[in-house]
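2 protein chains.
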Amino acid sequence: MTVDLGGAAAFLAAHDNFTILCHERPDGDTLGSGYGLCRILRAMGKKANVRCRNEIPKKFSSLMLADQAFEEQTVVAVDIADPFLMGAGVREQYEGRVDLCIDHHASNKCFSRLSCIDASAAAAAELIIALAHELNVPITKEIADCLFTGLTTDTGCFRYANVTARTHRLAAEMIECGADAENINLQQFETKTKTYAALERLALDSMEYYLDDRCAMITVTQEMFEKSGSNESECDAIAALPRQVEGVMVGVTIRQRTDGSFKASVRSRNPVDASLICSRFGGGGHKNAAGCQLGSNLAETKAKLLAVIEENL
Amino acid sequence: MTVDLGGAAAFLAAHDNFTILCHERPDGDTLGSGYGLCRILRAMGKKANVRCRNEIPKKFSSLMLADQAFEEQTVVAVDIADPFLMGAGVREQYEGRVDLCIDHHASNKCFSRLSCIDASAAAAAELIIALAHELNVPITKEIADCLFTGLTTDTGCFRYANVTARTHRLAAEMIECGADAENINLQQFETKTKTYAALERLALDSMEYYLDDRCAMITVTQEMFEKSGSNESECDAIAALPRQVEGVMVGVTIRQRTDGSFKASVRSRNPVDASLICSRFGGGGHKNAAGCQLGSNLAETKAKLLAVIEENL
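Respectively, the protein sequence lines represent chains A and B. Under the working numbering, the first residue of the first sequence is numbered -8, with each subsequent residue one higher. Under the working numbering, the first residue of the second sequence is numbered -8, with each subsequent residue one higher.
Derived by calculation from the structure, the hints in this document are not laboratory data. Mixed in with the good hints, there may be bad ones.
Identical chains share a label here; the pair holds if one copy fits it or two copies do between them.
Dumping the calculated DSS-like pairs for lysine-lysine here, alpha-carbon to alpha-carbon at most 30 Å [what the hints assert, rightly or not]: (1) K293 to K100; (2) K295 to K183; (3) K38 to K295; (4) K185 to K278; (5) K37 to K185; (6) K278 to K37; (7) K185 to K295; (8) K278 to K132; (9) K50 to K218; (10) K132 to K295; (11) K185 to K218; (12) K183 to K100; (13) K185 to K254; (14) K38 to K293; (15) K50 to K185; (16) K100 to K254.
Keep in mind the model is a prediction, meaning the values are calculated, not measured.
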């Protein structure tokens, strides 16, 4: 059943002993929203813990809370569109047992007993802020740090198409509640691991231009991962690089997996549709950001991809 | 004489035939504020043109307006802290003749007859929006595009320490007035010239780590400018790169000038003070971003700089 913010707030107020689930490979929005909600519930005198399949990345460690001891009664999922995103282990334990899901993905599978979804929100954190208002819980500096982290990370620092006037107004409110916006943004957007920096250098060195420079392509091989000491978990940002070059309508990042096969991340500028290109290889995504799996023969893979890109330019 | 926003608005309402001056090497704030104000004045039925010493960079061309023909009566400077920033030619013509300066730099020299300064504003565009309110001029989509450009460019897309709750609220208002935030941010922050991209690649290849990896240093030589086809006018963003690496407290970019001498841009993380480091070489700046001139002997220059950095770590 879907509920509005008032319904979700009433449910939270009426229950206790919460486990809050974040999605696997956690990002700033699932963690900021999860730990923000956890702090809100604790401020109401309730018991609550956050659960995530993976270790929390170091850059989010300041959001974390020590676990409380209690017998779990209520399960809330935050920023989880589909049960498989809970990840192995957590999914087996919690699928079919989620009481309330708070999310901003239009694709949410409504897998929970109650679903509070607002696809117009740029981040799940927008919904958590609204819930704090509904519940009349004052937003402390610690809560504001969590929720600002959600807002800024899910919008690429207020850069993406999902940002609305509301997103900026909520950011303003979090700053007034004490969020350390400067340092959160410095940590999230101006800090690379040394291994990622080394991989980025190799990736840029691999960049090639095609189709009258309207396509730029980066290739990341397993050899580059080994040489840089980097790995798949920290290389997502590379996909943005080839499209950044002026005149490039389609930026492609081809990444070799451990099994030797390749996957492509495609970023386009309007009017080129990246999801159309990727759909030809069984993949998909959004209009300007999509992906697909490719075979193990790099030269053949590139040639096929370039042929489809040329058709779509 | 300093005036508040009401005083500046009254002055604008009472005068006509405006020349609006932007600073040389124009950025998004001086141009967004200048062309935004120009549109506001024209919407009031007044005549107004924008004047800038340099050609307007292509990435700002959508802000521009065709000149009107009229006899200049009133001169307004926007985002200009010091007459020398008007640049050669413009300065000779206008120094001592500026009627009103609208600016957000604490360092403003109050060189105009009337000065309307608010150093708490992240961008001059914040003041122009406030003036539109004072003047009861509705903010059209075209005005909003100009002023959003000012807000976002002077804050590194809402990332820097100068951003306040007010900055975000004004961004929200500009989006509601029709500003195409997504495409403005794409153009300003996700687009590099091909020559800059080539220079960036060479610069990253030059990066060296010192002092237990707490200092990273990039060296940009004239040879790199030649090889990449880039030039000094488009290389400012490189200065941010070395500090981005995790654990780096001081990021240094050494750039060779056409005369063979070097200059250093220093970026630090708290508590390290970049301006203290640069002051030892006769330079200065802010706590986390400063610069200084160096000699022509690169090896000697690096060694001296590293010794001072080590003292300050």
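Against the structure, the hints come out as follows:
no.	hint	in the structure
1	K293 to K100	neither (35 Å within a copy, 58 Å between copies)
2	K295 to K183	between (33 Å within a copy, 27 Å between copies)
3	K38 to K295	neither (55 Å within a copy, 57 Å between copies)
4	K185 to K278	between (32 Å within a copy, 24 Å between copies)
5	K37 to K185	neither (41 Å within a copy, 56 Å between copies)
6	K278 to K37	neither (43 Å within a copy, 43 Å between copies)
7	K185 to K295	between (34 Å within a copy, 25 Å between copies)
8	K278 to K132	between (37 Å within a copy, 25 Å between copies)
9	K50 to K218	within (24 Å within a copy, 37 Å between copies)
10	K132 to K295	neither (52 Å within a copy, 42 Å between copies)
11	K185 to K218	both (12 Å within a copy, 27 Å between copies)
12	K183 to K100	neither (34 Å within a copy, 39 Å between copies)
13	K185 to K254	both (24 Å within a copy, 25 Å between copies)
14	K38 to K293	neither (53 Å within a copy, 56 Å between copies)
15	K50 to K185	within (14 Å within a copy, 32 Å between copies)
16	K100 to K254	within (26 Å within a copy, 56 Å between copies)
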